[in-house]
Amino acid sequence: MSNKKSSKDSNLSNYGYDMVVATTQDSINATLKQYLYKMESTEYVVAYSITYDEKGHSLIKEISYHELVEKIGIDLFKISEDNKTQKEIDAINKAYDDFDFYMAIKGSIGIDKLTNGFPDIIELLESDISSTANVSYKAYFNNLEFVYLKEHKSNVYFNNLKQPKDNPWIFKFNVKLDLQDEDFKNLPIDIQKQIKNLDPETMFSVKQLYLDLNSAKLQSCPTIEGVSEGTEEYDLINRFFVKIYWKGLKDSDKGDVIFGYALAPLKKGTSYNNNSNYDPNYIIVPTNFTFYVSTYSDPKTGKKNPGLNTLNYVVMCDGHLIPKLKPFTWNWLESNEQSNKHGSISINRNDFASKMANQLMNSLKLLLLQPKVAVKKNGSDFHLEIYLEPCEDKVEPIVVTESGSKVLTYKFSRKDSDDDKYGLLRKASASLEYILDYSVEFINNKIIITTKIETPLKVDPGAITKTAKGEIASYVLTDIYTLFVDVNGGLDFKYKHDSVYHQDDFDAGIWTNMCFKNFNEFIDKYRYRLKKAIDDYCFKYNKSMGKNLNKSLNWVFPGNSSFIFSNVSFSNYQDLIVNITYAQEN
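Numbering of the sequence shown is given in UniProt numbering, commencing with residue 1 and proceeding in unit increments.
The set of hints was computed from the structure by calculation and includes no laboratory data.
Heads up, a few of these hints could be off.
[What the hints assert, rightly or not] Pairs of lysine to any residue, SDA-like flavour, derived with a Cα cap of 25 Å:
(1) K355 with I480
(2) K300 with K341
(3) K341 with F484
(4) K196 with N134
(5) K547 with F493
(6) K78 with K150
(7) K452 with Q503
(8) K5 with Q338
(9) K38 with I122
(10) K172 with R239
(11) K8 with K326
(12) K94 with S64
(13) K543 with V500
(14) K540 with Y475
(15) K304 with S335
(16) K415 with V500
(17) K243 with E62
(18) K458 with A473
(19) K8 with K303
(20) K162 with P222
(21) K5 with K326
(22) K162 with I74
(23) K196 with E123
(24) K496 with Q359
The task is simple: from the sequences and hints, build the whole structure.
Shown next as structure tokens:
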């Protein structure tokens, strides 16, 4: 039996993370295979010279292969081991005698032939809590070829070693995707930025992940598969590719990537999903992230399923520091979902609520009203004037709650009173209060905004009689936004509004009616005026809120160029969750 729950129990507030993007091992492999099979990779060539010091120690140095070809007049990769022409022999000797040529490597990244049962490219290794993600990664090449010279008994021999077409050589690395590790921090800043790409459109793409996997500084020394250890072929591959080429990358201050793999920049505002131009307004703009691996265990049986292990991007925004990493108590995807989903994105309730609060406050200010009361002697009677006007005071921001479905609350009240005298004994007074109680709830796939307004009025005629009390008007406004997400990660909603109006009957009494002539008619008249005023404010509020929520709920999930989105909802702890599937990479 496993204690693991589903992503419906996402509770990022308990971890201090702003966002997590989780994709399964199976989905990464399937997408990477398609990408590598279809990619048009650039052919990469690198060459080396060899010299010897006074003690006979070899000194191997990288040289420009293209400059070498210009000087010797022939591309060495086009020379066969047998049946060489005299021109080719002269070029080989010139390369050896004049330029100390030792060997050259030519290759391109990719998969030449993709078949059913093609081996996985990555395996997610369980993260230990004190570190971060570790990935076992197999590098494949469309073609890989070596040409090299060796001297034997004063003769120079030309040799060519080429990867078999149907039996590719595989280089298996362990990659430490720890973007907080000292090895990463010691990389040149430009390389750090390439690996730690913070562009919300592209940072979660398999192309970007592939760049990270091929960064030599993050890799351990590879083992070679596809050729028998102990053979001359194995020894040559190990010497040329691993000990000279890869180790040179690893030791370089440049932090280079295998075969110069790089990402073509994506035109701003272009989505791979629909190729349309737009100006995305991201729910969260990442400022930092690192990786972490979660292992899957069946909630009922506890059985492991490595294919459902997830590579998690732990994302922070607004300059927040990455807290100490710890394992999740839920699976990001269940076995019955893996046929059409590749993972999930979860956004911390507090981050989403805070961003909503900033938008909603602009509308809510229209409902922050100051009551005004005036009591004036009018002959032998009193005259009462009441009205509402916009509050000019500085107001507090909307409060983000710590837990529960009610994520935002706001309470506001203002009161005004006045009195006047008639002679020595008669004094009349009145007070009007304006009370607003506002809340926002996240439940399932709904945002429910409830606005309660009360306007209690008290009138004291200043005689031996009871004070007249009652509501001028009270409202309960309910706005329900049912969320859905389009394939490009854009939030949208269906809107439903309900308004309930209530008023109390005033029992003014005889004396009140005598002091304030035609008091009940007066109350009805001013109730109508105040109701109309509140209706006008509510109309402006609803219009403004619709505009502001259209702006805020027109947000786009990060990763919009990498994923297709579906099934947006709130977790049991109010995190905003959406399912993702890798889009076809270009």
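Hints versus structure:
1. K355 with I480: Distance of about 18 Å is within 25 Å: holds.
2. K300 with K341: Holds - the C-alpha atoms of K341 and K300 are around 21 Å apart, at most 25 Å.
3. K341 with F484: Distance of about 17 Å is within 25 Å: holds.
4. K196 with N134: With Cα atoms ~16 Å apart, K196 and N134 stay inside 25 Å; holds.
5. K547 with F493: holds, 13 Å
6. K78 with K150: It holds: about 18 Å lies between the C-alpha atoms, which stays within 25 Å.
7. K452 with Q503: holds, 13 Å
8. K5 with Q338: Holds. K5 to Q338 sits at ~16 Å (cutoff 25 Å).
9. K38 with I122: Judged against 25 Å, a Cα distance of about 18 Å means the pair holds.
10. K172 with R239: Status holds; Cα separation ~16 Å.
11. K8 with K326: Judged against 25 Å, a Cα distance of about 18 Å means the pair holds.
12. K94 with S64: holds, 15 Å
13. K543 with V500: holds, 18 Å
14. K540 with Y475: With a Cα-Cα distance of about 15 Å, the restraint between K540 and Y475 holds, given a limit of 25 Å.
15. K304 with S335: The given pair, whose Cα atoms are some 11 Å apart, holds under the 25 Å limit.
16. K415 with V500: holds, 23 Å
17. K243 with E62: holds, 13 Å
18. K458 with A473: holds, 13 Å
19. K8 with K303: Judged against 25 Å, a Cα distance of about 20 Å means the pair holds.
20. K162 with P222: Holds: K162 and P222 sit about 19 Å apart, inside 25 Å.
21. K5 with K326: holds, 16 Å
22. K162 with I74: At roughly 19 Å apart (the allowed maximum being 25 Å), I74 and K162 satisfy the hint.
23. K196 with E123: Given pair K196, E123 holds - Cα atoms ~21 Å apart, limit 25 Å.
24. K496 with Q359: OK: K496 and Q359 at ~19 Å, within 25 Å.
In this structure, every one of the numbered hints holds.
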